[in-house]
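A.B. asks: Going down the list, the sequences are from chains R and G. One rule links them: number in the numbering used here = place in the first sequence (from 1) + 4. One rule links them: number in the numbering used here = place in the second sequence (from 1) + 6.
Hints are computed from structural coordinates only; laboratory data are not their basis. Among the hints, erroneous ones may be present.
Only part of the chain G face toward chain R is listed, based on derived beta-carbon distances under 10 Å [claimed, not checked]:
| no. | residue |
| --- | --- |
| 1 | A111 |
| 2 | D157 |
| 3 | A228 |
| 4 | M229 |
| 5 | T262 |
| 6 | D269 |
One side only, chain R facing chain G, incomplete, derived with CB under 10 Å [as the list claims (entries may be wrong)]:
| no. | residue |
| --- | --- |
| 7 | G7 |
| 8 | F19 |
| 9 | N21 |
| 10 | F31 |
| 11 | L33 |
| 12 | V34 |
| 13 | S47 |
| 14 | R79 |
| 15 | R100 |
| 16 | S131 |
| 17 | M132 |
| 18 | L214 |
Because the structure is a prediction, the values reported are computed rather than measured. The C-beta atom is built at its ideal place from N, Cα and C for all residues, glycine as well.
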Amino acid sequence: MSGIAYTRYELLRTFRNRRFFALSLGFPLVLYFIIAGPNSNVSSLAGSGISAPLYYMAGLASFGTMSAMLSAGGRIATERSVGWTRQLRITPLSPRAYFRAKLLTAYALALVSIAVLYAAGATLGVSMSAGRWLEMTALLLVGLIPFAALGIALGHMLTPDSIGPAIGGSVSLLALLGGTWFPLGHSGLLHDIAQFLPSYWLVQASHVALGGAAWSTRGWLVIAGWTGLLSALAVRLYRRDTGRV
Amino acid sequence: MSEPRIALRGVAKSFAGPRGPIRAVRGVDIEIARGETAALLGSNGAGKSTTIDLLLGLLAPDEGSVSVFGRTPAQAVAEGAVGAMLQNGELIRDLSVRELVSMVAALYPAPMAVAELLALTGIAGFAEQRTQKLSGGQTQRVRFALALAPDPELLVLDEPTAAMDVEGRHAFWRTMRELAARGRTLLFATHYLEEADANADRVVLMAQGEVVADAPPSRIRAMVGARTIRATLPGVELAPLQALAGVSGAERRGATVVLACADSDIAIRALLERFPEARDIEIAVAGLEQAFLTLTGAGDGA
């Protein structure tokens, strides 16, 4: 299998970039304590049956991991602008191995982000069985696939100066419409739009606490649909992107 | 056994431009034999970088074919037969020089040993430095090491010395000669005639997307190294100047005349004999730009 060393060095250099690392983990954490802290004794947020610390833990974990996934695009855009992507194209590194390295790096960052938020949640009294924690984590990881594809697509489409606002804007909008900052209720325009967004289903991962399936069939279909669409886009943009930037 | 040469045959490539397509490469034929060191000489916009991108498979030709030792560029790259240093590249950050070189070397099936790469390119002294702390010249040397990492049969370098200091250049060409002695095929693009002259067996001269000359450096030098004589010489007709021995053309710019010379030694003697009043005399090499214009015919009547 090619590209193992490549993946290892990609991980190494991502975790070595301390400022990037600290900011990626720090922001969701601070926001979590600001939002969930004052409501830590709310045991059923907006009548959902889910406590505020748990709801916002999943919400901010979604926010943090969405950012982690899309930030892979920022690193790709930078690598393209300095000619590194072209340099890689004249090596035997296959597109598959290249995507795998980018994905694994983004997921590694996302996992650290999730762990930090879980620890913060525990300090505010979130407690579930081990099975529920694992189930929630699994849903978050699956729900992130479309964001990984979106990050790679944006990275091969935009320049380093335009990708910052693109990532910031996408994450803010998707987090807002996904219910990261407040529950969207069970009806109304926002709720109806949210049903079709992958970020909504990420935040819904907190519903594992209620028992039963956290995601409806619609949830799985929405995630699968976005994954297919955005992966196709990412591959297409990668193939097209051979020129000098 | 693979074909012992690199061949571009009838290769053309256009790009979309704001005012219609830009024909960057217009039907180029280039053959380079295994073990040869060839220079791709031309000014900016001559089509050198596009030709190199086509050779490396970074671009697909609109017309014509590209073969690297009998293989497609993609096959040659996948087998680690080709190493390249592209124009104006930088390095990715947050790795040491040694780590970066190791990372790239690990991508190839039969790479050169990392220690040998570091020594050969003179970067062992700063191998533990992070890539973002390097000077421009050091960065170029690391990029050279990355190009050598596959231990390639063919090494392609696009203006490799552009960001190097004098010392770096000497070390670079020394290494290149060593590689040539090991039987590697080398192709480098440059816009300096001196560099092509000093380091290549053969010079392929490009202008406006076409190969305008393909010859040993001495012949290229003779072709493009024509000299001009400038002198202040008011009130003299052009016809007698054009008729002077060694002069191939004459033009007037105010009080100054400019003589294009086939042989400037003969021409200067003839000029001073016939027009002893000529003063402020300068003899200069016409330069590549002028030579390109002459060779491509674009300079006719100028």
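A.B. asks: The hint names F31 of chain R as touching chain G; please verify it with the least Cβ-Cβ distance against 10 Å.
C.D. replies: violated (21 Å)
A.B. asks: At a threshold of 10 Å, is the proposed contact between N21 of chain R and chain G supported by beta-carbon distances?
C.D. replies: holds (5 Å)
A.B. asks: Once the shortest beta carbon distance from A228 of chain G to chain R is found, is it less than 10 Å?
C.D. replies: Not OK, violated: A228 of chain G not within 10 Å of chain R, min 35 Å.
A.B. asks: With chain G as the partner, please determine if V34 of chain R meets the hint condition of a C-beta pair closer than 10 Å.
C.D. replies: violated (25 Å)
A.B. asks: Would the hint on S131 of chain R be counted as holding, given a Cβ-Cβ threshold of 10 Å to chain G?
C.D. replies: violated (38 Å)
A.B. asks: Using the nearest Cβ pair, does A111 of chain G come within less than 10 Å of chain R?
C.D. replies: holds (9 Å)
A.B. asks: Hint M229 of chain G vs chain R: min CB-CB distance below 10 Å?
C.D. replies: Where the cut-off is 10 Å and the nearest Cβ of chain R is about 31 Å from M229 of chain G, the hint is violated.
A.B. asks: Quick one, is the R79 of chain R hint okay against chain G at 10 Å, beta carbons?
C.D. replies: With a minimum Cβ separation of about 9 Å from chain G (threshold 10 Å), the hint on R79 of chain R holds.
A.B. asks: If you take the shortest Cβ to Cβ gap from L214 of chain R to chain G, is it below 10 Å?
C.D. replies: With a closest approach of 43 Å, the L214 of chain R hint is violated.
A.B. asks: Verify the interface restraint on D269 of chain G: the C-beta must sit less than 10 Å from at least one C-beta of chain R.
C.D. replies: Hint violated; D269 of chain G Cβ to chain R Cβ min 43 Å, cut 10 Å.
A.B. asks: Just to be careful: measuring from the Cβ of S47 of chain R to every Cβ in chain G, is the smallest value less than 10 Å?
C.D. replies: Violated: closest Cβ of chain G sits about 44 Å from S47 of chain R, beyond 10 Å.
A.B. asks: For the hint on T262 of chain G, does the least C-beta distance to chain R fall short of 10 Å?
C.D. replies: violated (42 Å)
Checked against the numbered hints above, the structure breaks hints 2, 3, 4, 5, 6, 10, 11, 12, 13, 15, 16, 17, 18 and satisfies the rest.
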